[in-house]
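Participant: As a plain string of letters, each chain reads:
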Amino acid sequence: MNRSVPPSRRSRSIFFHRETLRATAATANRPLGTSGPQADRLEREHPGGETCMPARRQRSTPTPDTGYLLLEIAVLLVVTVPLVLALAHAIGVAAALRSETAQFARGVTAYLRTQASVGRAIAHLEGHRFPFGLTVHPPGRLHWTSGVPHPLSGHVALDSTPLSALDLILPATATITDRAPTGELRATSVWGESIPTETRLFLGIGGEHVALLSGSARRTGHTPLRYELTVHVVPSVTVPASPLDLAAVRLCIPVRREYSLFVDRAGQLRYISHAGAATLENQPLLRGLKRLTFTETPAKPTLPAGYHATIVTRDKRVRSASFVPTVGRRPLHTFVLVRP
Amino acid sequence: MRCSATSAERASASLAVLTGLAILGLMCALIFRSLEDITAALTVTRGAERALDRASHDLLTGTTGAAHPPGLHRRSVERSWGATSLRLRSIELHGPPLTPQSAPLWTRNTGPLPLFDTDSLFATATQCPSPSEASTEYTPAGTALTRNAAVAARTCTVLSTTPLRPERYTENLIGEGPFRFTPPTTPNAPPDIVASLGYVELRGDLSVNRPTIVFAGGDLFLHRLTTETATTPVTLIAATGRVHVSSVTGALRLRVIAYAGAYLPPDTTLAASPPLPPILPRRFLGLERGDE
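In the order they appear, the protein sequences are chains H and A. Just so you know, we're using numbering that gives the first Met the number 0 here: the first sequence kicks off at 0 and counts up by one. Just so you know, we're using numbering that gives the first Met the number 0 here: the second sequence kicks off at 0 and counts up by one.
Treat the hints as calculated values from the structure; they're not laboratory data. No experiment lies behind these values; they were computed from the predicted model shown.
Some chain H residues close to chain A (C-beta under 7 Å, calculated; not the full set):
hint	residue
1	L86
2	I90
3	A93
4	R97
5	T100
6	L111
7	E125
8	H127
9	L169
10	I175
11	A246
All residues carry an ideal CB built from backbone N, CA and C; glycine is no exception.
The shape of chain H in the complex, shown without the other chains (with noise of 0.2 Å):
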């Protein structure tokens, strides 16, 4: 009790002043613990300061303290609770921003990989001249140009569109100069430029009928590039179906593949790789897709063809893309006739 405390410390103690006991003691009319000579005897040993009583003492009687801290509180709850909630609400709002962006950001990538992936379907079309090559189908339909409807035609989304397109290798032209006993086609490179060795399918033409031809080339000579097919024709999604004959196929130009694109039940835009009837690949290009659809508009004498797409992703957006080939048709037979 001796021990010496510092002011600032002894003014933040446990212990009540001695005036305030003694209002208390007076108030109470009742001695208090010490009293007298003892009174005294502590004021000489703390001067000033503080007697040693527990606070406890304390509760049974309320002050002017209290009312200050509670009043206190209720102005911090005043002001920090708006607070708080403001900033709750904030961040929800700008969590809800954050997710809506992400969903338009996703909405966007999906709509310009679809844009993407179609526009280079439909600028095959500018690798020939040909009036074939892209195929719209019905709406939940995916069929072979004789009508009979794909294996896959079931997975398409009801109401999205396929699309079919032909990649040729028109510098590659062959052309038929003979017929093997055993029925192979002996061809030509007609501008010297050298068939793919891992080429399997051909567009074959012959007057004004065409066919895709499935098969194998073999070079059997160097200068001028010789080949012999072994071709048979297959069912198609973008060549004509028409009664060409193998004996008058008189062309030949390797196609360089023939593919469709649709949005299955699932959501996802579809890339499949066709090799006459049979199915090379079989796979996804991208999700959050709901529906694409396809409108053609017909080509008019001072007018190409064009193409619109309308693509609906998952976050319900409705976004379209016009496509316009550049190059425009020419009946077949401005090919049939050309020779080396």
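Given chain H's structure and the hints, the job is docking chain A onto it.
Facilitator: Below, chain A alone, put in the same frame as chain H:
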């Protein structure tokens, strides 16, 4: 104790405010970043479309410049937008230069044929009233066709009772002749053109009395070619096959253009002046992307 608790509360409140503001700032930054990405993607797409349009326009409307030898050629145009560049190539087929001094007879040995403008030649094709299915190896009269020469899938037969008019057919043409083309009513009238996308076989006599062109996409077989007037110019063309004329009589100035050779009577003289169908210096076949 009161003063200590108030400070802690104030500190925690300040911390909460600062944290909230930081989160808000982060959200805003992310949102702006997303919008920036979308704007950049749209800008790139638009830039690509514009570059492609300009390149296509340059290729389709540009001139070829120097003369090219006959055959397949590519012309490239390169356009760039930002850090991306695009190369677009046109595939073109060039025909041989055609001058009055050119040889009047083309065969496999003398060089490539000119590029006939079959677009305009067959723009007004005649509808055959009763076409029949065609063989790819023989004519109905049993004449063997040149292997690989163009053959139409159907044949149109013109009987001697119906006059053969100078018309264009998308079918093979069989004429049961004789046929006679009358002289022109006006001095500068264009030549008569009888054209077929497949083979042409006229079994009767063909009498021409004015400038005439007989164009066959495949083989051309004539039994007898004659004229009643002086120095009538006649051009016979077999674009992918051979020309075969059994007999030539009268003062004809004859020009023959055949891919697989010409078989004419031995004393036939040829000339370079007879008329030609429309000919293209080059034919545009398509476009190639540089990235493919």
